[in-house]
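**Q** Construct the complete structure from the given sequences, taking the supplied hints into account.
So you can see what is in the structure, the chains are spelled out below.
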Amino acid sequence: MTPEDTQLLLDAAAVENVLERLAGEIAAPGGDGLLLVGIRRRGVQLAARLASILERAHGIDVPTGSLDITLYRDDLHQIGPMPVIGVTEIPGDITGGRVVIVDDVLFTGRTIRAALQELADFGRPRKIELCVLVDRGGRELPIQADYVGLKVDAGERDLVEVRVPELDDGLSVTLVSATEAR
Amino acid sequence: MNETRRKMELGKDLIGLEHLPGETIRGILDTAEPFKEISERAIKKVPVLRGKTIVNLFFEPSTRTRISFEFAEKRLGADTVNVAASGSSVVKGETLVDTARNLEAMRIDMVVIRHGSSGAAQFLADRIPSNVINGGDGQHEHPTQALLDLLTLRDSFGRIEGLKVCIVGDIVHSRVARSNIYGLRKLGAEVAVCGPRSLIPASIEEMGVQVFTHVEDAIQWSDALNVLRLQLERMNAGFIPSLREYNRVYGVTRRRLEQAPRDVVVLHPGPMNRGVEIDSDVADGPQSVILPQVTNGVAVRMAVLYLLAGGAPERAEEAKKGEA
Numbered sequence: 001m002t003p004e005d006t007q008l009l010l011d012a013a014a015v016e017n018v019l020e021r022l023a024g025e026i027a028a029p030g031g032d033g034l035l036l037v038g039i040r041r042r043g044v045q046l047a048a049r050l051a052s053i054l055e056r057a058h059g060i061d062v063p064t065g066s067l068d069i070t071l072y073r074d075d076l077h078q079i080g081p082m083p084v085i086g087v088t089e090i091p092g093d094i095t096g097g098r099v100v101i102v103d104d105v106l107f108t109g110r111t112i113r114a115a116l117q118e119l120a121d122f123g124r125p126r127k128i129e130l131c132v133l134v135d136r137g138g139r140e141l142p143i144q145a146d147y148v149g150l151k152v153d154a155g156e157r158d159l160v161e162v163r164v165p166e167l168d169d170g171l172s173v174t175l176v177s178a179t180e181a182r
Numbered sequence: 183m184n185e186t187r188r189k190m191e192l193g194k195d196l197i198g199l200e201h202l203p204g205e206t207i208r209g210i211l212d213t214a215e216p217f218k219e220i221s222e223r224a225i226k227k228v229p230v231l232r233g234k235t236i237v238n239l240f241f242e243p244s245t246r247t248r249i250s251f252e253f254a255e256k257r258l259g260a261d262t263v264n265v266a267a268s269g270s271s272v273v274k275g276e277t278l279v280d281t282a283r284n285l286e287a288m289r290i291d292m293v294v295i296r297h298g299s300s301g302a303a304q305f306l307a308d309r310i311p312s313n314v315i316n317g318g319d320g321q322h323e324h325p326t327q328a329l330l331d332l333l334t335l336r337d338s339f340g341r342i343e344g345l346k347v348c349i350v351g352d353i354v355h356s357r358v359a360r361s362n363i364y365g366l367r368k369l370g371a372e373v374a375v376c377g378p379r380s381l382i383p384a385s386i387e388e389m390g391v392q393v394f395t396h397v398e399d400a401i402q403w404s405d406a407l408n409v410l411r412l413q414l415e416r417m418n419a420g421f422i423p424s425l426r427e428y429n430r431v432y433g434v435t436r437r438r439l440e441q442a443p444r445d446v447v448v449l450h451p452g453p454m455n456r457g458v459e460i461d462s463d464v465a466d467g468p469q470s471v472i473l474p475q476v477t478n479g480v481a482v483r484m485a486v487l488y489l490l491a492g493g494a495p496e497r498a499e500e501a502k503k504g505e506a
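In order, the protein sequence lines correspond to chains S and R.
Quick note: the first sequence uses this note's numbering, first residue 1, plus one each step.
Quick note: the second sequence uses this note's numbering, first residue 183, plus one each step.
Treat the hints with care, since some could be wrong.
As the list claims (entries may be wrong) - Beta-carbon label-pair distances, calculated as ranges:
(1) S:L167 - R:D308: 41 to 47 Å
(2) S:L167 - R:A224: 26 to 32 Å
(3) S:R139 - R:E222: 29 to 35 Å
(4) S:R124 - R:Q392: 24 to 30 Å
(5) R:E200 - S:E25: 55 to 61 Å
(6) R:N264 - S:S52: 46 to 52 Å
(7) S:L167 - R:E222: 25 to 31 Å
(8) R:R289 - S:D61: 50 to 56 Å
(9) S:G33 - R:D308: 52 to 58 Å
(10) S:L167 - R:E205: 21 to 27 Å
(11) R:D308 - S:D11: 55 to 61 Å
Treat the hints as calculated values from the structure; they're not laboratory data.
Treat the numbers as computed from the prediction; the structure is a model and nothing was measured.
Yeah, the Cβ is synthetic: ideal placement off N, Cα and C, and Gly gets one too.
**A** Set out below in structure tokens:
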């Protein structure tokens, strides 16, 4: 992989700045009944970061949960051997609360559709919102994010990579162009 | 990711643990972990087997296993039909294959079979295209019971490797014992059996198992005991002199457990004969994991159903790509 084909969109400091801004937007209506739910895997780490900013900068102590949407995928029976499933943890009762779904990249919207279906099995929140670090376009469903860190006009076959220190090397967002991704 | 998946591939059927690699068994146990949580939700159902039809074909009486499978199937969103031997065409003399072919003709996706003959599950699996899961066949295997025992042991100790597990009771007639021995050995546990000589197979050492004839010695040695149900009909067949005698010599009692150098964890696949192979104060005591076994049974069966439903390995590459 040559550096020319990989474009760094956000470095660690830039990601931190974007998360600060997103936390501010999430905090604006107040922290009443707020719950952050990260989609596995990288959404979970981003939700944890947002939660710590919300506590530090806005004095909002927000519980976080994690959601593995594998069992709700609409293509599960087309993909064969079954994927590894992660644990879903939703703290407390979400009914009546304000749930913000957190994910790294918003692309087709199918993951979010699955997440909405899964959340409905845990209760009926007053409101569900969506926060993504990157919106790369390419939606296949009528789903939009409420809080967007960065909009990228990526080609269908391009790869938008979000790295978080807990799972990868460093904190960054990169765009790998299609010819290289193949 | 892809490597992990390949290891977890179960193929079309789950007949027994004898021929499954240790990695695959570990994969099933790992897959069972996230399924535990689903049974704790307000709405205990995920849509992963939506539109799949599963037949529970029970030629032998069973309460726990059948209900456990049925919960697992329903919590994965499948439609299920239970066929019991009594009250079905089986009593009218229909053969196993005819029964299965008729079910196939109704377009089913999976069959869970319990049958009194060893090899019945394999026989069925070879003849129908649906996934077949062995729910216990004769004296051969009962793989999902062993898997839930393994999961419960792993929950208690955090590992299977290096554990000393003794299976106590009627080993010779027990498919639970066989499946447990295969599974435990593959995951690196040390395995022993304990019971009257008349109920222990002559060649058991060839399975890599040691034999205790005194339950006190077994308790001294073990980290965990898996106490099997003494099938009462064995007494009439002359394998043991009397139930009271069995309890006196082989019964797992509080007094005996108190002699152990460590807290021995006690499993029992159920249904229990209290006061025969296990005393009530042990079954209901702090060292018993008998009810967690039942809870884990649903999770492990969900994992097996989930993994068997994922055929089509040629599309694995596509799946990897589609994760964005």
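**Q** Work down the list of hints and note, for each, if the structure agrees.
**A** Comparing the hints with the structure gives:
1. About 44 Å separates the C-beta atoms of L167 of chain S and D308 of chain R, a value consistent with the hinted range of 41 to 47 Å.
2. Remark: the range hint 26 to 32 Å for L167 of chain S to A224 of chain R is upheld by a beta-carbon distance near 30 Å.
3. Evaluation of the 29 to 35 Å hint for R139 of chain S and E222 of chain R yields a pass: the beta carbon distance comes to about 34 Å.
4. Between R124 of chain S and Q392 of chain R the beta carbon distance is about 57 Å. The supplied range of 24 to 30 Å is therefore violated.
5. In this structure, E200 of chain R and E25 of chain S meet the distance hint of 55 to 61 Å, their C-beta atoms being roughly 58 Å apart.
6. A C-beta distance of roughly 51 Å is found between N264 of chain R and S52 of chain S, which places it inside the suggested range of 46 to 52 Å.
7. Evaluation of the 25 to 31 Å hint for L167 of chain S and E222 of chain R yields a pass: the beta carbon distance comes to about 26 Å.
8. Taken as a hint, the range 50 to 56 Å holds for the pair R289 of chain R and D61 of chain S, whose Cβ atoms sit roughly 53 Å apart.
9. G33 of chain S and D308 of chain R have their C-beta atoms about 57 Å apart, which keeps the hinted 52 to 58 Å range intact.
10. Checked against the hint of 21 to 27 Å, the C-beta distance between L167 of chain S and E205 of chain R comes to roughly 23 Å, which is consistent with it.
11. In this structure the hint that D308 of chain R and D11 of chain S lie 55 to 61 Å apart at CB holds, the actual value being about 59 Å.
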